[in-house]
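Line by line, the protein sequences are chains P and S.
Per our numbering, the very first residue in the first sequence carries number 1; after that it's consecutive.
Per our numbering, the very first residue in the second sequence carries number 1; after that it's consecutive.
Since the hints were derived computationally from the structure, they do not count as laboratory data.
Quick reminder that beta carbons are idealized off the backbone N, C-alpha and C, glycines included.
Keep in mind that a hint or two might mislead.
[Unchecked claim] Only part of the chain P face toward chain S is listed, based on derived beta-carbon distances under 7 Å:
{"id": "1", "residue": "57"}
{"id": "2", "residue": "63"}
{"id": "3", "residue": "69"}
{"id": "4", "residue": "74"}
{"id": "5", "residue": "76"}
{"id": "6", "residue": "163"}
{"id": "7", "residue": "194"}
{"id": "8", "residue": "196"}
{"id": "9", "residue": "199"}
2 protein chains.
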Amino acid sequence: MTITAADVKALRDRTGAAMMDCKSALAESDGDVDRAIEILRVKGQASAAKREGRGTEEGVVASYIHANDKVGAMVEVQCETDFVARNEDFKAFAYEVALHVAATAPSYVSSDEIPEEEREAERKVFAEKAKEEGKPDDVVEKIVEGQLSKWASEVALLDQAHVNAEKHDSKSIEELRQELAAKTGENIRVARFAYFRVGA
Amino acid sequence: MTITAADVKALRDRTGAAMMDCKSALAESDGDVDRAIEILRVKGQASAAKREGRGTEEGVVASYIHANDKVGAMVEVQCETDFVARNEDFKAFAYEVALHVAATAPSYVSSDEIPEEEREAERKVFAEKAKEEGKPDDVVEKIVEGQLSKWASEVALLDQAHVNAEKHDSKSIEELRQELAAKTGENIRVARFAYFRVGA
Chain P
1 MTITAADVKA LRDRTGAAMM DCKSALAESD GDVDRAIEIL RVKGQASAAK
51 REGRGTEEGV VASYIHANDK VGAMVEVQCE TDFVARNEDF KAFAYEVALH
101 VAATAPSYVS SDEIPEEERE AERKVFAEKA KEEGKPDDVV EKIVEGQLSK
151 WASEVALLDQ AHVNAEKHDS KSIEELRQEL AAKTGENIRV ARFAYFRVGA
Chain S
1 MTITAADVKA LRDRTGAAMM DCKSALAESD GDVDRAIEIL RVKGQASAAK
51 REGRGTEEGV VASYIHANDK VGAMVEVQCE TDFVARNEDF KAFAYEVALH
101 VAATAPSYVS SDEIPEEERE AERKVFAEKA KEEGKPDDVV EKIVEGQLSK
151 WASEVALLDQ AHVNAEKHDS KSIEELRQEL AAKTGENIRV ARFAYFRVGA
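The task is simple: from the sequences and hints, build the whole structure.
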């Protein structure tokens with residue numbers, strides 16, 4: 001069957017994948033659009049996994065000071081090349097992360113960074129509360145695990161939905177990071193952040 | 001003798017003290033300008049000492065990102081009232097401190113904050129070096145103390161001469177802080193800073 005330029009363009013608009021990838025996915029699926037999307041998704045995940053392992057030596061530092069000068073955030077976002085570091089989408093992402101940090105004051109970049117003692121202290125509080133409410137032991141454990149993972153996502157920057165939900169379709173910082181990684185073709189890493197509030 | 005408005009104005013221009021203070025200093029010194037300056041200086045030190053003990057709950061957060069987006073600094077500078085926090089001189093000082101931090105990457109705000117272990121490690125290095133150079137024991141101690149205090153001033157923000165020496169007459173951050181405190185009449189405190197450099 002014949003794959004037209006319009007078919008390729010339509011698939012590209014739906015998936016955001018590169019023209020060449022759309023063309024070969026349509027060829028592989030014999031023009032079946034749903035199957036082509038599936039092919040692109042699998043391919044995308046494979047290349048994302050490959051990206052995640054790559055080193056990030058370049059990047060930018062961005063800051064956001066709240067209008068009243070009482071709250072400020074600074075972030076370091078890394079990528080692989082200076083070419084991407086100078087890309088407008090990359091800079092915009094770094095700025096949006098700084099703005100988000102100023103608004104939500106997270107404690108960690110990723111939930112992996114939460115120290116075990118802090119996690120255990122939270123676990124204890126949740127468990128005691130569930131027991132006090134008279135829940136049976138086997139239920140307590142499940143409740144605690146649920147509350148613990150909810151709490152972890154609240155203190156970890158990457159798991160938080162961007163504070164400007166309208167602009168970012170309620171996506172999390174991690175989802176926005178992955179999108180940017182796919183778009184730029186580079187591994188993107190939110191390396192660190194600082195949050196200052198006057199007198200706090 | 002008669003103190004004219006022009007005398008008061010001239011003294012004010014030389015010292016930066018308030019009109020009323022200049023007038024009473026000239027009255028006290030019987031119009032002797034040098035003596036009036038001395039009186040103002042003593043008075044200034046007394047009020048500075050009084051200020052230093054006062055609480056600082058207000059202030060601003062300021063940041064400076066180097067033009068290439070590779071280096072950033074954020075600082076919190078505190079004062080006593082929101083009135084001073086909104087003062088242009090105060091904001092300018094906070095900005096100048098952020099700019100300075102981005103340029104020099106200090107390790108501590110004040111040399112008091114240097115941990116004892118770090119100081120001892122430096123002391124050891126300096127002492128060994130001085131001994132290797134064959135200096136007698138009583139001289140080694142003096143050399144080491146000198147080097148140690150020089151090193152402390154290099155890692156401590158307040159002791160550093162502002163990086164823009166021309167603009168700030170080679171004054172240290174601490175000197176600029178004291179000037180601002182005298183000018184605003186409030187206790188000013190550089191509370192903390194963060195310094196990020198991409199990949200470092």
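Do the hints match the structure? See the list:
1. 57: Cβ of residue 57/P sits 5 Å from chain S, so the hint holds.
2. 63: With a minimum Cβ separation of about 4 Å from chain S (threshold 7 Å), the hint on residue 63/P holds.
3. 69: holds, 4 Å
4. 74: Interface hint status for residue 74/P: holds (4 Å vs cutoff 7 Å).
5. 76: holds, 5 Å
6. 163: violated, 18 Å
7. 194: holds, 4 Å
8. 196: This hint holds: residue 196/P lies near chain S, its Cβ roughly 5 Å from the closest one there, short of 7 Å.
9. 199: Holds - the Cβ of residue 199/P comes within 7 Å of chain S, reaching about 5 Å at its closest.
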